[in-house]
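Just so it is clear: in the sequence shown, position 6 is 6 by UniProt numbering, and no numbers are missing.
Rather than coming from a laboratory, the hints here were simulated on the basis of the structure. Do not take every clue at face value.
[Said to hold, decoys possible] FRET-style restraints, in silico, Cβ to Cβ:
| # | residue 1 | residue 2 | range |
| --- | --- | --- | --- |
| 1 | G46 | K125 | 46 to 52 Å |
| 2 | L77 | A14 | 22 to 28 Å |
| 3 | K11 | L85 | 26 to 32 Å |
| 4 | L170 | G132 | 26 to 32 Å |
| 5 | N93 | D169 | 31 to 37 Å |
| 6 | T173 | F52 | 35 to 41 Å |
| 7 | R228 | K98 | 49 to 55 Å |
| 8 | K11 | R58 | 29 to 35 Å |
| 9 | L251 | M133 | 16 to 22 Å |
[Said to hold, decoys possible] As a list, the in silico EDC-like pairs of lysine to aspartate or glutamate whose alpha-carbon atoms are at most 20 Å apart:
| # | residue 1 | residue 2 |
| --- | --- | --- |
| 10 | K54 | E165 |
| 11 | K45 | E215 |
| 12 | K125 | D231 |
The C-beta atom is built at its ideal place from N, Cα and C for all residues, glycine as well.
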Amino acid sequence: MHSDKSSWLIKGLALAGICFLYFPILIILIYAFNTEESAFSFPPKGFTVEWFFKAAERDDIFQAIGFSLQIAAISTLIALLLGSLAALALYRNNFPGKNVFTLILILPIALPGIVTGLSLLSTFKSAGITPGMATITIGHATFCVVIVYNNVVARLRRISFNIVEASYDLGATALQTFWHVILPNLGASLFAGGLLAFALSFDELIVTIFTAGHEPTLPLWLLNQLSRPRDVPITNVVALLVMLLTMLPVLLSYWLTKDR
Numbered sequence: 001m002h003s004d005k006s007s008w009l010i011k012g013l014a015l016a017g018i019c020f021l022y023f024p025i026l027i028i029l030i031y032a033f034n035t036e037e038s039a040f041s042f043p044p045k046g047f048t049v050e051w052f053f054k055a056a057e058r059d060d061i062f063q064a065i066g067f068s069l070q071i072a073a074i075s076t077l078i079a080l081l082l083g084s085l086a087a088l089a090l091y092r093n094n095f096p097g098k099n100v101f102t103l104i105l106i107l108p109i110a111l112p113g114i115v116t117g118l119s120l121l122s123t124f125k126s127a128g129i130t131p132g133m134a135t136i137t138i139g140h141a142t143f144c145v146v147i148v149y150n151n152v153v154a155r156l157r158r159i160s161f162n163i164v165e166a167s168y169d170l171g172a173t174a175l176q177t178f179w180h181v182i183l184p185n186l187g188a189s190l191f192a193g194g195l196l197a198f199a200l201s202f203d204e205l206i207v208t209i210f211t212a213g214h215e216p217t218l219p220l221w222l223l224n225q226l227s228r229p230r231d232v233p234i235t236n237v238v239a240l241l242v243m244l245l246t247m248l249p250v251l252l253s254y255w256l257t258k259d260r
């Protein structure tokens, strides 16, 4: 028997959960327009866009953004290549140790970032590799690969293998079948997985702390600025812009992969 009380209870809990998740973002939005130079003066005494103009004059902000964009782009390309190839290799092929290999492949996304960061740092030090752009990119690619792999596998499960067999029956080679049949069906999943991987790499902090060199990414720049009280209003502006930028690819990825 349906109960209106239980329905309202579920709706209330859902609304409370949404408020809990998004209330900090609302606070950052308010502080970004606060007229006070004090970092966390509440309630705000007025609203201004002055901090946005000051942020636009800071070269270090654009350098950090550019560095993060480069890392995210390279990590995403690596993830698209390795993640899609791994998904195609593991989906229909059965071999001894397949489950173990699959577990090892998806493990980086389940491990705490500090564990992944420490492991990578130890590996790089043992190999004599100097932390820098390459080490950050490798660190980000470890979990970006999983994102692409999961998206591609999910799509492969919804593709009928009959179209592949039909392609072979019509005389197409394996390469032609992949290019004209499989790849078009994977296009949206690859694009969505790439967008998610890019967003995760762009704002990754924990792994970056252990693998970064002297040039900071944007999340590291934000973390360093919190120790400078006079720069906190500008930091709030940058944090707001980062949230908006990372939100767009996630929303676009959701729209591409949702069932219509």
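- Query: Can you give the numbers of the hints that this structure goes against, from lowest to highest?
  - Reply: 2, 3, 4, 5, 6, 8, 9, 10, 11, 12
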